[in-house]
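Asker: On the provided structure of chain A, position chains B and C as indicated by the hints.
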Amino acid sequence: MSDLLLPPELRYAGIIEQRKNEDGSELSILNLGPTHPATHGIFQNILLMDGERIIEGEGTVGYIHRAFEKIAENRPFYQITPLTDRMNYCSSPINNMGWWMTLEKALGVEVPKRVQYLRVIVMELARISDHIICNSVLGVDTGALTGFLYVFQYREKIYEIYEEICGARLTTNMGRIGGFEREWSPLAFEKINTLLEEFPPIWKEFENLLARNRIFMDRTIDVGPISAERAISYGFTGPNLRAAGVDYDIRVMQPYSSYEDFEFNIPVGKSGDTYDRFCVRNAEVWESLSIIKQALAKLPEGPYHANVPDYYLPPKEEVYHNMEALIYHFKIVMGEVPVPVTEVYHPVEGGNGELGFYLVTDGSRTPYRLHFRRPCFIYYQAFNEMVKGQMLSDAIATLSSLNVIAGELDA
Amino acid sequence: MSDSKIITNAEAPEGYSGEGFFATKLSDVVGMARANSLWPLPFATSCCGIEFMATMASHYDVARFGSERMSFSPRQADMLLVMGTIAKKMAPILRQVYEQMAEPRWVISVGACACSGGIFDTYSVLQGIDKVIPVDVYVPGCPPRPEQILDGIMRLQDMVRTESVRRRSSPEYTELLASYNIK
Amino acid sequence: MALENPVIQQALTDSFGSAVSDFQQIHDILTFEVAADSISEVMLFLRDDATLRFNFLTTLCGMHFPDASTDRQFAVVYHMHNWIDNVRIRIKCYLNAKNPQIDTVSSIFLSANWQERETYDFFGIIFKGHPQLKRILNMDEMVSFPMRKEFPLEDGGRTDKDDRFFGRTTDNC
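Residue numbers (the working numbering), protein chains in the order written: chain A, 29 to 439; chain B, 3 to 185; chain C, 43 to 215.
Since the hints were derived computationally from the structure, they do not count as laboratory data. Because the structure is a prediction, the values reported are computed rather than measured. Any given hint could turn out to be false.
Below, a list of computed lysine-lysine pairs in the DSS-like style, where the Cα atoms sit at most 30 Å apart [claimed, not checked]:
| hint | chain 1 | residue 1 | chain 2 | residue 2 |
| --- | --- | --- | --- | --- |
| 1 | B | Lys27 | B | Lys90 |
| 2 | B | Lys133 | C | Lys191 |
| 3 | C | Lys170 | A | Lys416 |
| 4 | A | Lys185 | A | Lys219 |
| 5 | B | Lys7 | B | Lys27 |
| 6 | C | Lys176 | B | Lys133 |
| 7 | A | Lys141 | A | Lys48 |
| 8 | A | Lys326 | A | Lys232 |
| 9 | A | Lys416 | C | Lys176 |
| 10 | A | Lys416 | A | Lys141 |
| 11 | C | Lys170 | C | Lys134 |
| 12 | B | Lys90 | C | Lys203 |
| 13 | A | Lys321 | A | Lys219 |
| 14 | A | Lys321 | A | Lys133 |
| 15 | A | Lys326 | A | Lys219 |
| 16 | A | Lys359 | C | Lys203 |
| 17 | A | Lys232 | A | Lys321 |
| 18 | C | Lys191 | A | Lys359 |
| 19 | A | Lys321 | A | Lys298 |
| 20 | B | Lys90 | C | Lys176 |
| 21 | A | Lys416 | A | Lys133 |
| 22 | C | Lys203 | B | Lys133 |
| 23 | A | Lys321 | A | Lys185 |
| 24 | A | Lys133 | C | Lys134 |
| 25 | C | Lys203 | B | Lys185 |
| 26 | A | Lys133 | A | Lys298 |
| 27 | B | Lys133 | B | Lys185 |
| 28 | C | Lys134 | C | Lys203 |
| 29 | A | Lys344 | A | Lys141 |
| 30 | B | Lys90 | B | Lys133 |
| 31 | A | Lys185 | A | Lys232 |
| 32 | C | Lys170 | C | Lys191 |
| 33 | B | Lys90 | C | Lys191 |
| 34 | C | Lys191 | A | Lys133 |
| 35 | A | Lys298 | A | Lys219 |
Chain A with its partners taken away, still in its complex shape (with noise of 0.2 Å):
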């Protein structure tokens, strides 16, 4: 019980002294990371090989903690959506609308529904950047730099959309408690449309470089399996859970922000490889474009931000004219307003799966605790069972295809 505290170096050293071979050679112990090309942000990985064959891994993970959730007890509620931001910081629209729905959920703040539809695009928009993200590394770790090269010009084409809307490109930290910022610019919804023509004819072409692609199928099918109960118990949510083929995705089953005016497929995988995973989550982007599709066409009028004083900066300019702006300014600012002291979970469905706020308030206003349910941290604690006795190429193909994100995973 005791061995697995050591450090897994002096673990591993002592199976190596006690175990040889057949013919003569030895186990060895290989360093994976931290700084790795082929690791997607910064965990290590110490593995326990037989030649090219991994016997065991251990992973260490916390090279880039910050600290969220004890800055979250010190920040107010508006501060933390840029800590949100930086935890899945390829989807951090999903992350922001998250936290501004779970706030809205303690607050007792009905949103509008034009503001609803407006986050579906938004989080829409973020999850299919995701998805190219995680799709086209996978390519460029099994060798494939066209399809990254592609798809990421229309990474560029979300960027550009998020700037219309808040500012930024990355971090986005967008929306505020009861709706957005500012009205969506026309060109915003211009650029939307165009996205809508000229990307699926790319995402065609980026399925059809690898999909039945005989290199890339045989590098990927039977990588990195886990079985659909081994993944509910290890924790799994999202894409990663979909591909062993359990259909769970919260926006179908507990809804929120008005997707169940939507209708869209889950797509769901067999086996829970690698090859599944890419696959899933391919399908995820054209159900996400169809959602943006439904969502553009039947977008309510109507305002942008819901009618809570308490909780909603008054626009600029009334603040240096009007009292009673001045005033709310002031007391959402110094953190004056009505709070509950309540506790709240929300979940959404973020790009790896189930991400969740648990926030605890206790009437001042910052949290008294926010916890965040980070998918990534969750669902890595079986990467070493995945990659158990297959080589290590396959175990950095399943790392690729598992969207492990450091800033989610650390936080």
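Answerer: Chains B and C in isolation, oriented as in the chain A frame:
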């Protein structure tokens, strides 16, 4: 080819040319060669790493500045691009990677977290990588736009082009490394 | 057929009596308290019982209440989810400040392994029976538990930032 105007990023240095020869200063030629072929080691830890991926991709294309080959081995890299937050747990590893790089080596610190700890003023984050390694160029931003990262690389190119060939054995440089306890 | 709160409450009190208490509905999640020494039986029951079927451990985190009484200063909060009837519950176990110990549930749900290590790392709560209870996110050499309320957020030894310019005094940070 109608016009003989040459379009280049790498202008020839000042010198005296004649039939079959071109005479210039050694440091100019060495500087030009080094500046236009800086192979980066992308030490990407967090969000700035994704902006670097965008810089590497075809829209912003850092390859046209000479950084065609991303080297992940420190021995084969010229510049260390530290992108993202460095936690205290990671600092010894950053130091080890820097020490493994061969001279001449340069460091660009990309992003607010690498420059000064960024928004993470916490117990676990190193408040700036210049606490452990010497830095040549700081690129602020959270995350910096790809154009800013390219600007940082161009500033570094200016520094490299005008650097003396004897800098690495000069007493000032030795003193700088000694202040970081780097042998 | 939906799994209603009274059914869950009845099933738990029938099997565990006074070890489970304080059932309340906070927003949309039934929250209740479980005594720290019976958590693994309760969780096994919640997972395996034919009507309850809470097959998924959503998350596990710790909390610190320095102002509470000594035997309720630490808490471990579990969120579980029943995928078949779509019901979530929240379980709280309060622990003693002097000796915060609780059984591990990593043998019941494998996802608890790292989450319990994280809780140990942040709060110092010992999980008895955990196969590998060592620090996970912070540095291994760290001796204090940073998420406890008395531990400061900022690194006291930093030289480049002056607390006066951030409005921080010894009272408010």
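Asker: For the pair we were handed, Lys191 (chain C) and Lys359 (chain A), check the Cα-Cα distance against 30 Å.
Answerer: Roughly 26 Å between the alpha carbons, so the hint for Lys191 (chain C) and Lys359 (chain A) holds.
Asker: Given the hint that Lys232 (chain A) pairs with Lys321 (chain A), test it: the Cα-Cα distance must not exceed 30 Å.
Answerer: Measuring from Cα to Cα gives roughly 17 Å; hence the hint holds.
Asker: Can the restraint linking Lys416 (chain A) and Lys141 (chain A) be considered satisfied, given a maximum Cα separation of 30 Å?
Answerer: 48 Å, violated
Asker: Assess, step by step, whether the Cα of Lys141 (chain A) is no farther than 30 Å from the Cα of Lys48 (chain A), and give holds or violated.
Answerer: 67 Å, violated
Asker: Does Lys176 (chain C) lie within 30 Å of Lys416 (chain A) when you go C-alpha to C-alpha?
Answerer: 23 Å, holds
Asker: Compare the distance between the alpha carbons of Lys326 (chain A) and Lys219 (chain A) with 30 Å, and conclude whether the hinted pair is satisfied.
Answerer: The hint holds at about 18 Å.
Asker: Given the hinted pair Lys344 (chain A) and Lys141 (chain A), is their alpha-carbon gap at most 30 Å?
Answerer: Distance ~25 Å between Lys344 (chain A) and Lys141 (chain A) Cα, so the pair holds.
Asker: Holds or violated: Lys133 (chain A) with Lys134 (chain C), Cα cutoff 30 Å?
Answerer: Measuring from Cα to Cα gives roughly 21 Å; hence the hint holds.
Asker: Is Lys326 (chain A) within 30 Å of Lys232 (chain A), Cα to Cα?
Answerer: The given pair, whose Cα atoms are some 26 Å apart, holds under the 30 Å limit.
Asker: Verify the proposed pairing of Lys321 (chain A) with Lys298 (chain A), using a straight-line Cα cut of 30 Å.
Answerer: 29 Å, holds
Asker: For Lys185 (chain A) and Lys219 (chain A), compute the direct alpha-carbon distance and say whether it is at most 30 Å.
Answerer: 8 Å, holds
Asker: Would the pair Lys27 (chain B) and Lys90 (chain B) pass a check requiring their Cα atoms to be no farther apart than 30 Å?
Answerer: It is violated: about 44 Å lies between the C-alpha atoms, which goes past 30 Å.
Hint compliance for this structure: hints 1, 7, 10, 21, 26, 28 and 35 are not met, and every other hint is.
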